[in-house]
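First to last, the protein sequences are chains V and F. Residue numbers 1 to 255, in full-length UniProt numbering, belong to the letters of the first sequence in order. Residue numbers 1 to 275, in full-length UniProt numbering, belong to the letters of the second sequence in order.
Hints are computed from structural coordinates only; laboratory data are not their basis. Heads up, a few of these hints could be off.
Stated by the list, open to error - Not everything, but these chain F residues come out facing chain V in the computed CB check (under 10 Å):
| hint | residue |
| --- | --- |
| 1 | P58 |
| 2 | F95 |
| 3 | S188 |
| 4 | V197 |
| 5 | Y235 |
Keep in mind it's a predicted model, so treat the numbers as computed, not measured. Yeah, the Cβ is synthetic: ideal placement off N, Cα and C, and Gly gets one too.
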Amino acid sequence: MSVPVLSAEGIALSYPGAPAPVLEGFDLAIQPGEVVAILGPSGAGKSSLLRVLGGLQRPSAGTVRMGGTVLEDVHPRLAVAFQDPCLLPWLTLEANVAFGLDFKRQPPVSPAERRLRVDAAIAEVGLGHARHLPPSALSGGMAQRTALARCLARKPQVLLLDEPFGALDEVTRAEMQDLLLKVVADFGTAALLVTHDIDEALLVADRVVLIGGAPARQVASWTLDLPRPRRDEVATLGALRIDILKALRGAVRRH
Amino acid sequence: MNAEPQQRSFTAGANPTNDARPKGAARGGGLSRPLLGIAGLLVLLALWWLGTDVLAAPGSFARRFSPASAFASLGGLLLHSDLPIHVYVSLQRIFIGLGFALAIGVPLGLAVGTFGALEAATTPAFQFLRMISPLSWMPLAVMVFGVGDRPIYFLLAFAAVWPILLSTAAGVRQLDPRWLLLARSLASTRWEMLSRVILPGVTGHILTGVRLAIGILWIVLVPCEMLGVSAGLGYFILDTRDRLAYSELMAMVLLIGVLGFALDALARALCRRWA
C-alpha cells in the first residue's frame, strides 16, 4: 500500500456546549485515486466529519494527514464541494470557476496558467457554451457542474464532496455521478463522497464506509472491487445492497 | 452536450425564479404603466393650472404662479442665466455629501453588521441621531465649520450616512454564510474575504441605502443652501423671491422636482443594474 493521500487517525469532535461529542475515534485512509463513499443516517455527523477532513474545522482530538504531513488548516490541493453549489451570484460561471485561484495563500499561478486551468475545468464538466452566464441563468445541474469545475481548477489531489447531488433530480443526478467518475479518472483525483444514498455509494465508490452511533464512528466498511461503469450492474448487487441497508438501519437504531 | 437543453428546461420549469416567464408577465401588464404615470403628471399640471389660471381672479397674485409663465421662465433661465452653474454647484454638493456618507457609513455598517455587541451598543444611539433633523444641526455646523460649503457637506453627509450605514449592516447580516465558508475553504485572507465576498455581497444593500440617501439628500440640500452660500438651487430660490420673480420661483420648484426625479431614477437604475 502506498502512502494514503488523506488519512485521519483517532478523530474526535465535540462542539463547545454540546452534551455529547459528534465524532469519536474515527480512522480513515484514502489511497491516491480512490473513491470512498461515507454512508450514514442523517444527523450522524457526516458533514462535520467532512469539515474536519477538509481542514475547515479543527478536531478536538486526533490528526488529519495529507500525504503524510499533518493538516492544520485548509489545503490548496484539497477541494471541498458543498451540498449547495454555492456560486457567487455577482460572478459569471467562468469567474466562479476561477474564484480563489489568485488568493494570496494559494500556490502562485501565472494568469496564463490560470486561464488554461479554468478552460480545462469548464471543458471537463461540459459547460463551455455557458461560461459567460451568471449563476441565476444556470439550472441546478449546471450550477453543480460549475462547483465541480471550481474544485478541478485547483488540480486537487483529493475531492471532498458533501452530498453534492442530493438536491438534483434523478436524471441530472445520474449525469453528475457519471461526470464525477470521469473526472476522477481524468484527473487521477481521490474522492470522498458523503451520501445517504446506498445506490449512489454502490455506483461510484471503491469502498463504502458506514458511520453511525452517537458519537459517530466507523461501523462497517465494504470494498467494491467491481469494474465501472456499474449503472446496469447496480441492480445485480442486491445482496450487498441488503447487507448495507441492514447495517445502515442498525446504525440508525444505535443513533 | 446533447442532453443540456432538455435538462435545462426541465429544471427551469421546476424553479420559476430562473425563468424568463415572470419578467414576460410583468412586461405584458407593464405596457400601460408609463402611460398611467404620464396621465398622473398631466392631472397634477391641470390642477396647478386650475388653481392659478382658472379659479384665481384675473389680476390676482396667484396668477403670477401660473404654469405657462413658469415653463417660459424655466426655458429662459436655463438658456440665458447662470442657473446651469447653480445646478452644477448643487449636484456637486450632493455627490460630495454622498461621498462622505459612503466613506463613513459603509465601513461603519460593515463593522456593525459583523459584530453583534457593537450593533447592540450602537443601535439606540444611531436611532436617536437618525431622528434628529439634520437641519437642526445647522447653527452648530456653521459655528464649527464656518460659513461656506463645509457646513453644507457636513449636514448632507450627516443626513445621508444613516440609510447607508443601516442598509450596509443589514446586508452583512443577510450574507450567505456558505459564501464565507467557501472563501475560507479557499484559504482567503481577511482582506480577500472582505473585498471578494463581503463587499460584493452587500453591494446591492449599499445601493439601496444610496437610493434612500439620495432622496434625503435632495430634500435637505435646498434648505441647507438657503444659509450662508451664494450659489446653488436653495440660494437661487431665495434670490427669485427677493427679486419678486414669482414665475422664476415656480420654475425653480419645477426644476428641483425634475432633478430629484432624475437622481432617483439614476439610483434606481444603479440598483437594478446590480440586482
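Status of each hint after checking the structure:
1. At a threshold of 10 Å, the smallest CB-CB gap from P58 (chain F) to chain V is about 62 Å, leaving the interface hint violated.
2. Interface hint at F95 (chain F): violated, since its Cβ lies 24 Å from the closest Cβ of chain V, which is beyond the 10 Å cut-off.
3. Because the smallest distance between the Cβ of S188 (chain F) and any Cβ of chain V comes to about 5 Å, under 10 Å, the interface hint for this residue holds.
4. Taken as an interface hint, V197 (chain F) checks out: its beta carbon lies about 7 Å from the nearest beta carbon of chain V, inside 10 Å.
5. Given hint, Y235 (chain F) at the interface with chain V, is violated; its Cβ is 42 Å from that chain's nearest Cβ, farther than 10 Å.
Hints 1, 2, 5 from the earlier list are contradicted by this structure; the remaining hints agree with it.
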